[in-house]
Amino acid sequence: MRMSKMHFKTLREVPAEAEIPSHILLTRAGMIRKLVSGVYGFMPLGWRTLRKIEQIVREEMDAAGSQEILMSALQPSELWEESGRWYQYGPELFRLKDRNDRQFCLGPTHEEIFTDIVRSDISSWRQLPQNLYQIQHKYRDEARPRFGLMRSREFIMKDAYSFDLDEAGLDKSYQDMYDAYTKVFTRCGLTFRPVEADSGAIGGSNSHEFTALSEVGESEIAYCENCDMAATSERAACVDEVPADEEMLAMEKVHTPGTKTIEEVCDFLKLPKEKSIKALLFVTYDENYEQNGYVAAFIRGDRELNMTKLINALDIPEHAIEFADEKAMGAVTGAVGGFTGPVGLHDCTIVVDSELPAHKNMCAGACEEDHHLINVNYGRDYEGDIVTDLKLLKEGDPCPCCGKPVKYARGIEVGQVFKLGTKYSKAMGATYKDDNQQDHDIVMGCYGIGVTRTMAAIVEQHHDDNGIIWPMAVAPYHVIITLVKQDDEVQAGVAESLYQELTSKGAEVLLDDRKERPGVKFKDADLIGIPVRITVGRDAADGVVEFKERAKEENEKITAEEAAAKALALIAAK
RNA sequence: CGGGCUGUGGCGCAGUUUGGUAGCGCGAUUGCUUCGGGAGUAAUAGGCCGCAGGUUCAAAUCCUGUCAGCCCGACCA
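Its first residue numbered 7, the first sequence is counted upward by one per residue in our numbering.
To be clear, the hints were calculated from the coordinates, so they are not data collected in a lab.
In this text, all values refer to a predicted model and were calculated from it rather than measured experimentally.
A few of these clues could be false.
To be verified - Cut-off 16 Å, straight-line C-alpha distance, at most; resulting in silico cross-link-like pairs (EDC-like, lysine to aspartate or glutamate):
1. K491 x D445
2. K413 x E226
3. K266 x E389
4. K554 x E567
5. K432 x D172
Throw the hints in and build the complete structure from the sequences for me.
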């Protein structure tokens, strides 16, 4: 490609809204273009890289035995009603109506569609297992789109769905996908870690998230250097602390004026936070978004609540629960906020963290303004409707597997695999007959890769102050020939024959023949991150050019023939 | 959803307090000089100041409403 003919524009200044390197650099390099918040288009260079990532995904999916199809993004609401997710998915679902008032949505994911396909095409055990995938635009009306491609409302995703006879089959499909994902992200040049994850709105039992390590990532992972434990912070189990046993003392109400927070109460009563119970009150909503109940969660004063664990314990959608305001709190506790406790609390679902029952003689709110109770004991003074792990695992806490202190890291979720089981096949009637004419639910798995997000993650891990440093496998072009003086016949001739030579051997080459000053060409070459740069300049008359890899500091003067051979070797090694 | 900030040529911003004919830098076009790390110079083009309403002789500026964008929070009982 001759750059003088390419639709191409770089920005010298950083766009005002861009915060993180991938957003800044992809925009400055002219690879992506924002239309509205969370919606991006891809310009020639960006589109080439995206297609390369897609191609890697395709090759590995095909190799793993999955078949590519393409379903519509526009989906009728009926299928979502069937699975129950028309309500469950919440406000992130882009909903729209046609001229006849029929409801549709733009697919945020495609479990329903694929299940629908399979239930009509598959009827016999002989037809299983099957694995289908597509690479397609997805739509999610994110509460807060941000960071360019990292969290957008329209994005490209590869989603795959496996259909098996039984759990054993699913285990194999899951492992095959897990292995394929490992190959995909390795080929893309990412440093990543597969971690255990919560399955969220998708549902199902097991799940792993593939996290590209990065400080700007929105995903927080806990891992252990001593054992194999690695999980998202919301998924990570916590070890219950078991305190020394003590005799139960008589419960007592004490006057604690103005002590709303755990800190204030514990300071006032001269107690460690480990001896106090923290209360968190929520209101819940039904399918019509009407308030339908209250939830009180209790954890030890020094702990933090893990919202995901609470939602899972209650078995409700994420959007069906909110922190209660002062008024709602009063309605339940009969007191102003800050003095809620589990004793005598009624008309709400009480969820108690699993480590609290073993804790004796605790301090808790008395459900009365300016009063707390001390020597509160589980079983005698209060009970929970649900007792389960609600705690957030923090850095340094004991590892749930081996007990050593856990570490924390941030990362970008570039892929996730789920064991769905029969959640969708049961709801939508996707069954097969076995060799005894018996019907069984098809056992499903689903597997996603955020293709556009992967592109952003690669930039996050591969850039410097001057721009992007694309790994060869995903670079929009392999080589850029920087022609220093485009109107110097000798230089132009050398550049042209080098361009022809490399192109004819299968290299993807950009020839910078623009009427620009050399500085501009060098800056642009660095910004767009082409892995190999061959500069044709003052030594062209001697057949000598300059060879430089984008990722390396040094450059060398060699003959054009040597440069071509070197470039081809690097391309072949990708 | 809650809180804060911002909308002024393609991009980045000043001007708004104290109403009075819209400015700067980058970019773009043309000429000359320059030419190996985002050149210099001269000239030119480009904006009903997000939108709607109001106050006023007069509104980018004041008032009301509205839309859009960005940031922060979602851990407090």
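Evaluation of the provided hints:
Restraint check for K491 and D445: the C-alpha separation of about 74 Å exceeds 16 Å, so the hint is violated. Distance hint between K413 and E226 is fulfilled; the C-alpha atoms sit about 11 Å from each other, no more than 16 Å. Of the pairs offered as hints, the one joining K266 and E389 is violated, with about 23 Å between alpha carbons and a cut-off of 16 Å exceeded. For a cut-off of 16 Å, the pair hint linking K554 to E567 stands: about 15 Å separates their Cα positions.
Proposed proximity of K432 and D172 is supported: the alpha carbons are some 13 Å apart, at most 16 Å.
Taken one by one, the earlier hints fail for this structure at numbers 1 and 3, listed in ascending order.
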